[in-house]
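Asks: Chains as they are written, first to last, in the numbering used here: chain Z, 4 to 158; chain D, 540 to 897; chain E, 74 to 387; chain Y, 1464 to 1751.
Fair warning: there could be bad hints in the mix.
Claimed, not checked - Here are the simulated DSS-like cross-link-like pairs (lysine-lysine), alpha carbons at most 27 Å apart as the crow flies:
(1) Y:K1585 - Y:K1499
(2) Z:K142 - Z:K16
(3) Z:K142 - E:K276
(4) D:K600 - E:K276
(5) D:K749 - D:K600
(6) Y:K1499 - Y:K1549
Derived from the structure by calculation, the hints contain no laboratory data.
In this text, all values refer to a predicted model and were calculated from it rather than measured experimentally.
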Amino acid sequence: MSIAGESTNWEPKILAFLCNWCSYAGADLAGTSRIQYPPNVRVIRVPCSGRVNPLHIVSALRQGADGVLVSGCHPGDCHYLSGNLYARRRFALLQRYLTYLGIEPGRVQFSWVSASEGGRFAEVVTEVTEAVRALGPAKRLNVRAESIVAPMELS
Amino acid sequence: MTLSCEAPVVAGMISRQALEEALGGWMQSWRVIAPVRQDGEVRFQPLDEPAAVAWDYANAKHSAKGVYLPQVERLLTYARTRDDLNQVKATDPPAGPTMLFGLRPCDARARLMVDQVMVDGVCRDRYYAARRDGTVVVGLACEHPRSTCFCGAFDSGPYDATGSDILLRSAGDMYLVDVVTERGAELAKDLALEPVDDEHSQRAEQAQAKAEGALRPMERLVGIEAALEGLWDDPLWQEISAKCLACGTCTYLCPTCHCFAVEDRALGDGGERVRAWDSCMYAGFTAHASGHNPRPDQASRWRQRVMHKFSYLPENVDAYGCVGCGRCVVSCPVNLDIRQVLARVWAAARTQAEESAL
Amino acid sequence: MLPDEIRATIGEWLATGEVDLFIGWEPGTVPLTATPAFVRRPDEVDRLIWDATCEHNLARFVRPYRDKTVGIMVKGCDARALIGLMQEGQLKRERLRIVGIGCDGVIDPRRVCERAGVESVEELDGAQLEGDVVVFGDLRIPVAEILFAGCETCNQRDPQVYDLRMGPEHDETSLADRYAHVEAMAALSEDERWERFTSEIAKCNLCYACRNACPFCYCNVCFAEQTNPQWLTPTAHDPDVSFFQIIRTFHLAGRCVACGACTRACPQGVDLRLMLDKLCADVAELYDYVAGEDPEAKPPLTTYRQDDYNDFVL
Amino acid sequence: MTDAHPHICHCAENAYLPRSMQILRVITETDDHEIKSFDLVPVDDGEPFRFTPGQFCELSIVGEGEAPFGIASAPVEESFVRFSIKRIGRVTTRLHSLTPGTVIGMRGPLGNGFPMDAFAGKNLVVIGGGFAFTTLRSLLVQILQGGDRDQFGQLQVVYGVREPGLFLYREDLAAWQARDDIQVVQTIDVPVDGWHGQVGFVPQAVQELAPSAKNTVAVICGPPVMIRFTLPVLLELGFGREAIYTSLENRMQCGVGKCGRCNVGSKYVCVDGPVFSMAELDELPPEY
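I would like the entire structure built from these sequences, with the hints used as guidance.
Replies: Written as structure tokens, this is what we have:
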């Protein structure tokens, strides 16, 4: 990964946590149905959106991700009945908190995409990618950001 | 046993104004670090203009340790490639001499103790040595010790010249200049000194007597290592550490605490290996990868803190790991006062002696 | 010294073995500070005090003794911490003997120093707290003017749970101004907010005093100290500090009782209320929940409702 | 304190700068693949790596960190430096993923090593347990192949592991079994079919071997529980505490007596150890 900088051909790097039963299957369906969507997303499959720990999301921003998407089953469809419902409260608070502290609102996004919504998955990814592209490279928490890599007088 | 130096020689006296002029000159050839008051707090910082020296400060909350042992110091930088996982380049410690101006006697002594561990010990720490060898100290005797100062307990005091190359002693409108080392003598040549008249030398003596008198009486600590001998399993460690929050503030602010961690930090395509202050108050300090921890609780960590300062360091470097500056007393969030801990040590040793005498 | 009947009861608890240990405060060795006291024998009860310098949240010290019966003194906010720990199954009510105190707020030593024009508290040698006025030489400073910021807008001065009650009763003021500083921050622009947040935590050197002073931070191995995976390196370096502060405070969402012990314990003067009170405000707004009120209630992040707030989802 | 001999420092000018070492060979030592041996050779053509058996090095992988490991090869095996590493944490996991040809960092030799001069002219009983046989191999190979085998008396080895698949250095063990100037007893904790050797814990094996304590030194490395139960056996057999040596394992980072974390009492395990006699340990607090 190169140092995130203002280079012209910068492409946003987005990390997506997809729940295995719905959103991951939706992404699969988008692929098998040859639906085109931006290639900026790298997927991590999780058993349930409830498995995603805020630690993972903020750590992703820290390691240089320009955007993070967490996508799970629609409320009521969760394979584990309530995983996404617990997650919804956690993410609601996390997103408002990060925004309050000054992280740009588009950086961390949440969506519900079911296994049959291949098209919907492509829409969500396109929307997130464009939002993050508009925001530019992530600097605020990114350990690789220019401002932090500059040799610091550490004493 | 404690750090000491030959008796200093009075070279003359000088006004504060003349000293500030000399400082202007010194700032050309030294990076001068002095106590500077900034938004209500005094810190040791590079001096940008001589008038900024906070002459009448009690003692800075943070010791000057950050100058000779920075909180984070970059040891190596590395590039990360697939096959060569040791493409490293050592960073060069900052060359250029440093002048520690206005250091209180306790901080000056503390630095000498850390020198013995970091440089005169078995192996030589190149980064620390470079900073030390280039440093000269102009000490400022302490006219107003605080209620938490206990330098007197080590047979030292607010006018102890140990660790300074020059010690300034206030005499009202003038400062007496004591030369302590050859380097101090060299430095004194840059000062427009006047001979010391009786009036000022008397005033300085009175100020010294007043300062030494202001120290809170406390049981002498020299020799406490003997008292610590039989106390390994004494319940006092459990009791004193019950309220400790294990936050390590005492070790961060302590001018003699020198323990550090070595960490790798990824930065862009490469990274850096840094040394950063660490604390024996943290569980991770001694935790093994297997999960075993020889110091599993706060009582064993507090025992290590006291034993290291008052038993192991005297045995290994012939100096206590404490100079009585009182910073840990002032800044502890739960006011766990090391003076009370040491009083408990003396008391426990006495009861033990009485019991064994029965 | 505590009032006579309180002292007598605590002495009795200790004498009869009803409690194995009593946790309170005793005078500190630095001016205008108290220090936690762990008392085991009736004759030691005279050491215990209560005044505006007793700022620690003693609920933090109960867990290591949770297999014993413990007596403890708690202010209004500390009592909520006890309730929160009961909700999380860490403490059992029947194993606690609680002396609840109606509290008028605790002193912030930094504000005393500003008023007295000194750098730090120990230069106020001889300063005394007489009633609700700090006396230092000819300086007389009313406690009400040097309160810890959180106490000035506190609406939980009276303990919700106690066996013995001490101190005045208060009619609780409204919530309105408690979140004033949160609203002020929220009103700033995005860059200003990031600047305000990062400048506040720039002072942090990852000593973890805030975590260690908090009754709700009791994980065996905190994420900040994990080595495999290692989430952050314990070197005070901007992304590590912001990462620690964001995640540690977020772990208090729906649990923090705003006692302020973390802010007071911070040696660097970081104002953690700026962050924690935002979480408390959001939890109140979205899930109509206030921490530490009802021992039977389930903390908000451990439950859900079908019609929970959902607008933020794409 | 008996013959305490701290580390003699000939670190490079910068004690923290790791020397680049290339992985020559990776040998999977145990059937569960948890322990691998790495043979390293210097990349630079600086002077050869000299050390004493019992010393250790800090192996360094940039971006992951450093960790201390006993040197398993003997000084006489000049063509490589061997470390046997159990996968347990961050650095070791990364090390286990490396293949020959990769370059890593090495700082050392660190620590004091076995007092070879004190061992000269004596019989040796070498007792190892679990994977703590690394520096013991270095000691034994140096005695057997270092050219002065006659300097030492009788050599008896007791090496115990949980099950046969966990023995390290099986070729060496087989070679030593075939020699007549060294007696090797290999034992496993509980019977396993296909294993015809001795069965039983190390303390029992030492009791049955009943080595004579006359003019004999014992060296014992292994899990603390094994040492705790083997020590009384040795004392019963007449071994003096100053004649029983062990090697301590503590959390380390600098390895050169500065960072303050590996002390046991007033001794730093990294410079005053890791090798201590029981007599020396008796004077230190039980904090390891």
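Asks: What's the verdict on Z:K142 and E:K276, does the C-alpha distance respect the 27 Å limit or exceed it?
Replies: holds, 20 Å
Asks: Check the hint pairing Z:K142 with Z:K16 against an upper bound of 27 Å on the C-alpha distance.
Replies: holds, 13 Å
Asks: Does D:K600 sit within 27 Å of D:K749, going by the straight-line distance between their CA atoms?
Replies: holds, 23 Å
Asks: Has the given pair, Y:K1585 with Y:K1499, been kept, meaning a C-alpha gap of at most 27 Å?
Replies: violated, 33 Å
Asks: Can you confirm whether the C-alpha distance between Y:K1499 and Y:K1549 stays at or below 27 Å?
Replies: holds, 7 Å
Asks: Does D:K600 pair with E:K276 here, judged by a C-alpha cut-off of 27 Å?
Replies: holds, 14 Å
In terms of the numbered hints stated before, the structure departs from hint 1 and from no other.
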